[in-house]
Amino acid sequence: MNLAEIQSRMLDAIMQPLTSGYNTPQRARDGRRMREVAAEIIKPNDRLTSFERLQIYNRQYWYRILDSLEEDFPGLLAIVGRVRFNALAKAYLTDCPSRSFTLRDLGSRLEEWLRAHPKYAAPRTKLALDMVRLEWAEIEAFDAAEPPVLIPDSASDPDPRFTLQPYLRLLELHHPVDDLLVGIKAEMRESEVASNAMAPRARHGRVRKIANRKRRTIFLAVHRQGDSVYFKRMEREAFRMLQALGGGKRLSEAAETAFSEGRVAESGVKKSKIKESDIPALMQDWFENWSSLGWFAQPESAE
Amino acid sequence: MPANRFNGFTDYGVGIGLRIPHYRHILSRRPVVDWFEIISENFMIDGGRPLKVLDQILEQYQVVQHGVSMYFGSPERPDREHLRRLKQLVKRTKAPWVTDHLCWGSVDGRYSHDLLPMPYTFEAVRHTAEKICQVRDFLEVPVAVENVSSYAEFHVSEMTEWQFLNEVVEKADCGILLDVNNIYVSSRNHNFDPFEYVNSVPVERVAQIHIAGHSKFEKYILDTHDHPVIDPVWALYDRAIERCGPTATLLEWDANIPSFDEVHNEALKANRYLAKVEAVG
Numbered sequence: 008m009n010l011a012e013i014q015s016r017m018l019d020a021i022m023q024p025l026t027s028g029y030n031t032p033q034r035a036r037d038g039r040r041m042r043e044v045a046a047e048i049i050k051p052n053d054r055l056t057s058f059e060r061l062q063i064y065n066r067q068y069w070y071r072i073l074d075s076l077e078e079d080f081p082g083l084l085a086i087v088g089r090v091r092f093n094a095l096a097k098a099y100l101t102d103c104p105s106r107s108f109t110l111r112d113l114g115s116r117l118e119e120w121l122r123a124h125p126k127y128a129a130p131r132t133k134l135a136l137d138m139v140r141l142e143w144a145e146i147e148a149f150d151a152a153e154p155p156v157l158i159p160d161s162a163s164d165p166d167p168r169f170t171l172q173p174y175l176r177l178l179e180l181h182h183p184v185d186d187l188l189v190g191i192k193a194e195m196r197e198s199e200v201a202s203n204a205m206a207p208r209a210r211h212g213r214v215r216k217i218a219n220r221k222r223r224t225i226f227l228a229v230h231r232q233g234d235s236v237y238f239k240r241m242e243r244e245a246f247r248m249l250q251a252l253g254g255g256k257r258l259s260e261a262a263e264t265a266f267s268e269g270r271v272a273e274s275g276v277k278k279s280k281i282k283e284s285d286i287p288a289l290m291q292d293w294f295e296n297w298s299s300l301g302w303f304a305q306p307e308s309a310e
Numbered sequence: 045m046p047a048n049r050f051n052g053f054t055d056y057g058v059g060i061g062l063r064i065p066h067y068r069h070i071l072s073r074r075p076v077v078d079w080f081e082i083i084s085e086n087f088m089i090d091g092g093r094p095l096k097v098l099d100q101i102l103e104q105y106q107v108v109q110h111g112v113s114m115y116f117g118s119p120e121r122p123d124r125e126h127l128r129r130l131k132q133l134v135k136r137t138k139a140p141w142v143t144d145h146l147c148w149g150s151v152d153g154r155y156s157h158d159l160l161p162m163p164y165t166f167e168a169v170r171h172t173a174e175k176i177c178q179v180r181d182f183l184e185v186p187v188a189v190e191n192v193s194s195y196a197e198f199h200v201s202e203m204t205e206w207q208f209l210n211e212v213v214e215k216a217d218c219g220i221l222l223d224v225n226n227i228y229v230s231s232r233n234h235n236f237d238p239f240e241y242v243n244s245v246p247v248e249r250v251a252q253i254h255i256a257g258h259s260k261f262e263k264y265i266l267d268t269h270d271h272p273v274i275d276p277v278w279a280l281y282d283r284a285i286e287r288c289g290p291t292a293t294l295l296e297w298d299a300n301i302p303s304f305d306e307v308h309n310e311a312l313k314a315n316r317y318l319a320k321v322e323a324v325g
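Chains as they are written, first to last, in the working numbering: chain W, 8 to 310; chain C, 45 to 325.
Hints were generated in silico from the structure; no laboratory data involved.
We put the beta carbon where it would ideally sit given N, CA and C, even for glycine.
Any given hint could turn out to be false.
[Stated by the list, open to error] Distance condition first, Cα-Cα at most 30 Å in a straight line; then the derived DSSO-like pairs of lysine-lysine:
(1) LYS192/W to LYS96/C
(2) LYS239/W to LYS96/C
(3) LYS97/W to LYS263/C
[Unchecked claim] Pairwise CB distance ranges, derived in the manner of DEER restraints:
(4) GLU322/C to MET195/W: 40 to 50 Å
(5) ASN309/C to LYS192/W: 25 to 35 Å
(6) ASP237/C to ARG66/W: 22 to 32 Å
(7) MET195/W to GLN100/C: 21 to 31 Å
(8) ARG54/W to HIS271/C: 13 to 23 Å
(9) GLY233/W to HIS271/C: 28 to 38 Å
(10) GLY255/W to ARG128/C: 21 to 31 Å
(11) SER244/C to GLY38/W: 40 to 50 Å
Take these sequences, add in the hints, and give me the full structure.
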């Protein structure tokens, strides 16, 4: 057996999902007995069989990636509960093993996977999807680049394009998962400093309350200030304008996009309630706020 | 002996791993520490708090980069994005040498995020050495490879682990990050004499030494980095620096991390052994 064959067989074996008792399964996915697979590659010693030695690596692999996913998605865990989270995580990581040198990227395909496998979060799939999107946005916002902030120039283009900071993520959500996640993290911090047997029950109650609320669209910016990630809810029009600017549109085009949605109200898009006469002042407020938060970056070509 | 071409002719003393629970203490108290080792992958990012902390650390301290996912023994060629980010970090830290493990951990782009032991074959020697050379040539800094702890041995192995290490570093002309705790752990798991391992290492290639604690189970020992260093590991360290001379030494403590002072004091125990060697000098 050459090096590539050994490595391929061993990695396949290590990535076999553990049983519910956290043991290596007796059969490999191709139906072969795992004891035979292990014995072909690994030597036994005076204390451990080949299978037991393989099991050390099999367990280490799953413990590491399950811990990592749980650390990145505490909100999802709170929504689906411990038992279902473990099943979801195991199924996701079996279908989508890490393809990055860093564990930071482990959850990068979770939203897409959960959309294709909604049963793992049912009946709270939509809530879970909102939470996954938020938690992944938080990961991305935490360590994204922060190029120099744009300095306003009065002599600049009257109808400019803007470059948004790479850490800024814009999410259209249907549940207040931002509030839920902030609450869950606060509880986690409290339970770190004190024994808090009530925490899981309180978390469950908080999830139930939010899951039962009537769905309404929330426009959220996930951004970074200093070293911390924050959530900021926005008006629909402000959100659409930032989206359009982020998509490369000029200011006038972005404004058109943000405020004209109502004109296609018959297609089901909610009409803007903002009066046309209020738009200039509103836009000024938004841009002052966004500039003070440093959300506009200097374009790459600028010195 | 301590300053050699594999550690950039530096003479670093006793360092510890830079870990998140200690950030506040280090940045506010500015303790005297010879050097810090960072896990490269934690800083191969575009921005945010980790890089800001690192820049503050670099203002005052010497830093060496230790990687966990280059996987010199894996079948694929080095990932270009990984190399690009690693080199970018080297430029930031100005690390005189970089280290990663003599192991494998990925196949066809699937990552185990573990440090898997190599089959000790001549084919593996050629493959691994070639990859180390590719990485070193790209990074343009000396590279040292670390022996890993292991819990399995392969039927196909044609030599001992220390013979494999020696073959690889000779062929790649690279340095060694000698982890004496890993030698101890593997010696107990595979029934060999750890001193035979330490005595066989080409001392002129040792760029750095790792010390750490581990966890003992009924039938094997696991390299957990969550305890103080035990006496048999200190004995191996003693022998290693007796052979190598006073070498840059780093204590790893990665789980159940106690206070900064406790970790640093554990690391500074190495000075007892270093002083002995320096006195003999």
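The hints, checked one at a time:
{"no.": "1", "hint": "LYS192/W to LYS96/C", "result": "holds (23 Å)"}
{"no.": "2", "hint": "LYS239/W to LYS96/C", "result": "holds (23 Å)"}
{"no.": "3", "hint": "LYS97/W to LYS263/C", "result": "holds (28 Å)"}
{"no.": "4", "hint": "GLU322/C to MET195/W: 40 to 50 Å", "result": "holds (48 Å)"}
{"no.": "5", "hint": "ASN309/C to LYS192/W: 25 to 35 Å", "result": "holds (33 Å)"}
{"no.": "6", "hint": "ASP237/C to ARG66/W: 22 to 32 Å", "result": "holds (29 Å)"}
{"no.": "7", "hint": "MET195/W to GLN100/C: 21 to 31 Å", "result": "holds (27 Å)"}
{"no.": "8", "hint": "ARG54/W to HIS271/C: 13 to 23 Å", "result": "holds (21 Å)"}
{"no.": "9", "hint": "GLY233/W to HIS271/C: 28 to 38 Å", "result": "holds (36 Å)"}
{"no.": "10", "hint": "GLY255/W to ARG128/C: 21 to 31 Å", "result": "holds (26 Å)"}
{"no.": "11", "hint": "SER244/C to GLY38/W: 40 to 50 Å", "result": "holds (44 Å)"}
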